[in-house]
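Spelled out from the first residue to the last, the chains are:
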Amino acid sequence: MSTIPVTIDFSGGAEFLVKAKAQKVQIPADSTLRDVLKFVRDNLVTDVHRINMLLNDDASEVAHGVITLINDTDTGLLLEYDTVIEAGDTITFVSTLHGG
Amino acid sequence: MELGNFVTDLNGKKCVKCDKDAKFTGVDPKKAWYCQECFVQMVRNKFRSSLSKKKIYKDADARDTLIVFDGTLSGTFLLHQINDALKQITYKRLMVKPTVLVLVSLTEDTEIQMVIKRIQEIKKSVLENVRWVVAHLACSMYDEDFKLKENECNGVEKISDYNQLIASCSVPTYRKELERVLKEKCLQKIACSMGILKCMVPDHADDLGRLAIDQLCLGRGGSISTLVTVTDKRPDFMLIRPLCDISKKELAVYNYLCDIDKHCIHIAQQNNQQKSVQTLTDAFICTLENEKFYSTINTVLSTAAKIHNTSIGKDDSKCSFCNVEVADSVCSTCSAIRECTGDLLTLLF
Ligand SMILES: [Zn+2]
Ligand SMILES: [Zn+2]
Chain X
1 MSTIPVTIDF SGGAEFLVKA KAQKVQIPAD STLRDVLKFV RDNLVTDVHR INMLLNDDAS
61 EVAHGVITLI NDTDTGLLLE YDTVIEAGDT ITFVSTLHGG
Chain B
1001 MELGNFVTDL NGKKCVKCDK DAKFTGVDPK KAWYCQECFV QMVRNKFRSS LSKKKIYKDA
1061 DARDTLIVFD GTLSGTFLLH QINDALKQIT YKRLMVKPTV LVLVSLTEDT EIQMVIKRIQ
1121 EIKKSVLENV RWVVAHLACS MYDEDFKLKE NECNGVEKIS DYNQLIASCS VPTYRKELER
1181 VLKEKCLQKI ACSMGILKCM VPDHADDLGR LAIDQLCLGR GGSISTLVTV TDKRPDFMLI
1241 RPLCDISKKE LAVYNYLCDI DKHCIHIAQQ NNQQKSVQTL TDAFICTLEN EKFYSTINTV
1301 LSTAAKIHNT SIGKDDSKCS FCNVEVADSV CSTCSAIREC TGDLLTLLF
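If you read the protein sequences in the order shown, they are chains X and B.
Quick note on my numbering: the first sequence kicks off at 1 and runs consecutively.
Quick note on my numbering: the second sequence kicks off at 1001 and runs consecutively.
For the record, the hints were derived by calculation from the structure and aren't laboratory data.
C-beta: ideal position from N, C-alpha, C; glycine also.
Please note that the accuracy of each hint is not assured.
[Claimed, not checked] Heads up, simulated DSS-like pairs for lysine-lysine below, C-alpha to C-alpha not over 27 angstroms straight-line:
{"no.": "1", "chain 1": "B", "residue 1": "1087", "chain 2": "B", "residue 2": "1124"}
{"no.": "2", "chain 1": "B", "residue 1": "1017", "chain 2": "B", "residue 2": "1292"}
{"no.": "3", "chain 1": "B", "residue 1": "1123", "chain 2": "X", "residue 2": "21"}
{"no.": "4", "chain 1": "X", "residue 1": "24", "chain 2": "B", "residue 2": "1262"}
{"no.": "5", "chain 1": "B", "residue 1": "1055", "chain 2": "B", "residue 2": "1013"}
{"no.": "6", "chain 1": "B", "residue 1": "1147", "chain 2": "B", "residue 2": "1123"}
{"no.": "7", "chain 1": "X", "residue 1": "38", "chain 2": "B", "residue 2": "1292"}
{"no.": "8", "chain 1": "B", "residue 1": "1185", "chain 2": "B", "residue 2": "1054"}
{"no.": "9", "chain 1": "X", "residue 1": "21", "chain 2": "B", "residue 2": "1117"}
{"no.": "10", "chain 1": "B", "residue 1": "1020", "chain 2": "B", "residue 2": "1031"}
{"no.": "11", "chain 1": "B", "residue 1": "1030", "chain 2": "B", "residue 2": "1013"}
{"no.": "12", "chain 1": "X", "residue 1": "19", "chain 2": "X", "residue 2": "38"}
{"no.": "13", "chain 1": "B", "residue 1": "1183", "chain 2": "B", "residue 2": "1158"}
{"no.": "14", "chain 1": "X", "residue 1": "21", "chain 2": "B", "residue 2": "1262"}
{"no.": "15", "chain 1": "B", "residue 1": "1046", "chain 2": "B", "residue 2": "1087"}
{"no.": "16", "chain 1": "B", "residue 1": "1306", "chain 2": "B", "residue 2": "1318"}
{"no.": "17", "chain 1": "B", "residue 1": "1097", "chain 2": "B", "residue 2": "1183"}
{"no.": "18", "chain 1": "B", "residue 1": "1233", "chain 2": "B", "residue 2": "1176"}
{"no.": "19", "chain 1": "B", "residue 1": "1055", "chain 2": "B", "residue 2": "1176"}
{"no.": "20", "chain 1": "B", "residue 1": "1046", "chain 2": "B", "residue 2": "1017"}
{"no.": "21", "chain 1": "X", "residue 1": "21", "chain 2": "B", "residue 2": "1017"}
{"no.": "22", "chain 1": "B", "residue 1": "1046", "chain 2": "X", "residue 2": "19"}
{"no.": "23", "chain 1": "B", "residue 1": "1262", "chain 2": "X", "residue 2": "19"}
{"no.": "24", "chain 1": "B", "residue 1": "1097", "chain 2": "B", "residue 2": "1123"}
[As the list claims (entries may be wrong)] Now the in silico label distances, taken between C-beta atoms and shown as ranges:
{"no.": "25", "chain 1": "B", "residue 1": "1145", "chain 2": "X", "residue 2": "7", "range": "51 to 61 angstroms"}
{"no.": "26", "chain 1": "X", "residue 1": "46", "chain 2": "B", "residue 2": "1160", "range": "30 to 40 angstroms"}
{"no.": "27", "chain 1": "B", "residue 1": "1284", "chain 2": "X", "residue 2": "57", "range": "17 to 27 angstroms"}
{"no.": "28", "chain 1": "B", "residue 1": "1113", "chain 2": "X", "residue 2": "71", "range": "32 to 42 angstroms"}
{"no.": "29", "chain 1": "B", "residue 1": "1012", "chain 2": "X", "residue 2": "57", "range": "41 to 51 angstroms"}
{"no.": "30", "chain 1": "B", "residue 1": "1095", "chain 2": "X", "residue 2": "32", "range": "49 to 59 angstroms"}
{"no.": "31", "chain 1": "X", "residue 1": "1", "chain 2": "B", "residue 2": "1054", "range": "32 to 42 angstroms"}
[Said to hold, decoys possible] If you want the footprint, here are the derived chain X segments under chain B, 3+ residues with CB under 8 angstroms:
{"no.": "32", "stretch": "20 to 31"}
{"no.": "33", "stretch": "60 to 68"}
{"no.": "34", "stretch": "73 to 79"}
{"no.": "35", "stretch": "84 to 95"}
Please take these sequences and the hints and turn them into a complete structure.
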């Protein structure tokens, strides 16, 4: 299976749930944003107890209050979870859940 | 509701303010979308116009203002807006003389020390020429006269009293409301002790929309307008909420784009919250947003802003604890809170 290089970036507090704030990884070609969520769950999340602050139970959507951007564009302006990821894309997860 | 095809409608949209490609949306993705520059400008304008509409800094006097920084994304945003305004980065100069109040809610000494350390770092690059004071929410437990100390967290010796008081409240809904009112008391006491009459808090639209619903449930419907709009005059000071029109999502995206979210102080939240009116309100709003009813908060807030009490108590009397307009000296909600809370509270009334 061929893979493509992408950068996955975590911000707004989401970076504390994963290994590193920005990570260059290889994901399967033709992945959609929804596939990336599963990839994040299976490969990047280190704080498994608080994974619910980033993703929902079956990693089909992000948790309430998490914003997803692809190349600094709100995925609400793309095809949301069906957006197909291309080589070189940066996928950003911005959390609004932390702080205090 | 036909939502099926609106996603594809948005694909390839142009900014509503200029002819660049749209990259970000406002609260409701169906209503407005912006390029990056116009998005950032739109959020800044909301902040600025909330202050100018009410002419809060028109008079030469009383420019002294406490700027509350609680480490949240909205607190960070507020800090940077004041910083930019003083340095004339984004607007013509805002006539405000700020003092930053770092409001701490953590109770472990090591955590409080961590916050003080982070503050030392943050104030090297933001509002570096103004006075910063650190105070714990437990300052609400002080008597009227107390002196604030520099370079340490004020109020730590009252933390156990504060915790004891909160824990003594037996009803979760009233406990959360007690925390809210005590936070206001804390701000009022600190402002008064410094002789400052204005206090800017970082409450954003999402916070205030939920608060409006909570307060309706708590029977304070007649007062919600003052609780959720920009200016809230109290007997001895004024609360200002310049972020009341900005959503949490807009703040989060702004902070990310302007690379200021590094100045948030991240604190793990406790998830084991007991069911209360407030947690039900949160769940209610969450469900609506998940089902793409994005305008709920806006609708609640614009409605709440229009609700005023027509039959105010004689001679404008206010509840001595929460400050809502009532006929008696204590409103019925606060009476109920007092009934299910220990003796410590009576000392504060
Ligand atoms: Zn534009
Ligand atoms: Zn009251």
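For each hint, the structure was consulted:
1. B:1087 / B:1124: Measuring from Cα to Cα gives roughly 15 angstroms; hence the hint holds.
2. B:1017 / B:1292: holds, 24 angstroms
3. B:1123 / X:21: Given pair residue 1123 (chain B), residue 21 (chain X) holds - Cα atoms ~23 angstroms apart, limit 27 angstroms.
4. X:24 / B:1262: OK: residue 24 (chain X) and residue 1262 (chain B) at ~21 angstroms, within 27 angstroms.
5. B:1055 / B:1013: Violated - the C-alpha atoms of residue 1013 (chain B) and residue 1055 (chain B) are around 36 angstroms apart, more than 27 angstroms.
6. B:1147 / B:1123: holds, 22 angstroms
7. X:38 / B:1292: holds, 23 angstroms
8. B:1185 / B:1054: Given pair residue 1185 (chain B), residue 1054 (chain B) holds - Cα atoms ~24 angstroms apart, limit 27 angstroms.
9. X:21 / B:1117: holds, 22 angstroms
10. B:1020 / B:1031: holds, 17 angstroms
11. B:1030 / B:1013: Holds: residue 1030 (chain B) and residue 1013 (chain B) sit about 11 angstroms apart, inside 27 angstroms.
12. X:19 / X:38: holds, 16 angstroms
13. B:1183 / B:1158: OK: residue 1183 (chain B) and residue 1158 (chain B) at ~14 angstroms, within 27 angstroms.
14. X:21 / B:1262: holds, 11 angstroms
15. B:1046 / B:1087: Judged against 27 angstroms, a Cα distance of about 19 angstroms means the pair holds.
16. B:1306 / B:1318: Given that 27 angstroms is the threshold and the Cα spacing comes to 20 angstroms, the pair holds.
17. B:1097 / B:1183: holds, 23 angstroms
18. B:1233 / B:1176: This hinted pair holds, its Cα atoms lying about 23 angstroms apart.
19. B:1055 / B:1176: Violated, at about 33 angstroms.
20. B:1046 / B:1017: Since the Cα atoms of residue 1046 (chain B) and residue 1017 (chain B) sit roughly 15 angstroms apart, the hinted pair holds (cutoff 27 angstroms).
21. X:21 / B:1017: Measuring from Cα to Cα gives roughly 33 angstroms; hence the hint is violated.
22. B:1046 / X:19: violated, 36 angstroms
23. B:1262 / X:19: Status holds; Cα separation ~17 angstroms.
24. B:1097 / B:1123: Between residue 1097 (chain B) and residue 1123 (chain B) the Cα gap is close to 16 angstroms, so the pair holds against 27 angstroms.
25. B:1145 / X:7: 51 to 61 angstroms: Cβ of residue 1145 (chain B) to Cβ of residue 7 (chain X): about 56 angstroms, so the range 51 to 61 angstroms holds.
26. X:46 / B:1160: 30 to 40 angstroms: holds, 35 angstroms
27. B:1284 / X:57: 17 to 27 angstroms: holds, 20 angstroms
28. B:1113 / X:71: 32 to 42 angstroms: holds, 40 angstroms
29. B:1012 / X:57: 41 to 51 angstroms: violated, 33 angstroms
30. B:1095 / X:32: 49 to 59 angstroms: Because 51 angstroms falls inside the window, the suggested range holds.
31. X:1 / B:1054: 32 to 42 angstroms: violated, 60 angstroms
32. 20 to 31: As far as the stretch 20 to 31 of chain X goes, the hint is violated, because 0 residues have Cβ atoms under 8 angstroms from chain B.
33. 60 to 68: Held - the stretch 60 to 68 of chain X has 3 residues with a Cβ nearer than 8 angstroms to chain B, which meets the minimum of three.
34. 73 to 79: holds (count 6)
35. 84 to 95: Coverage by chain B holds for the stretch 84 to 95 of chain X (3 residues, Cβ < 8 angstroms).
Hint compliance for this structure: hints 5, 19, 21, 22, 29, 31 and 32 are not met, and every other hint is.
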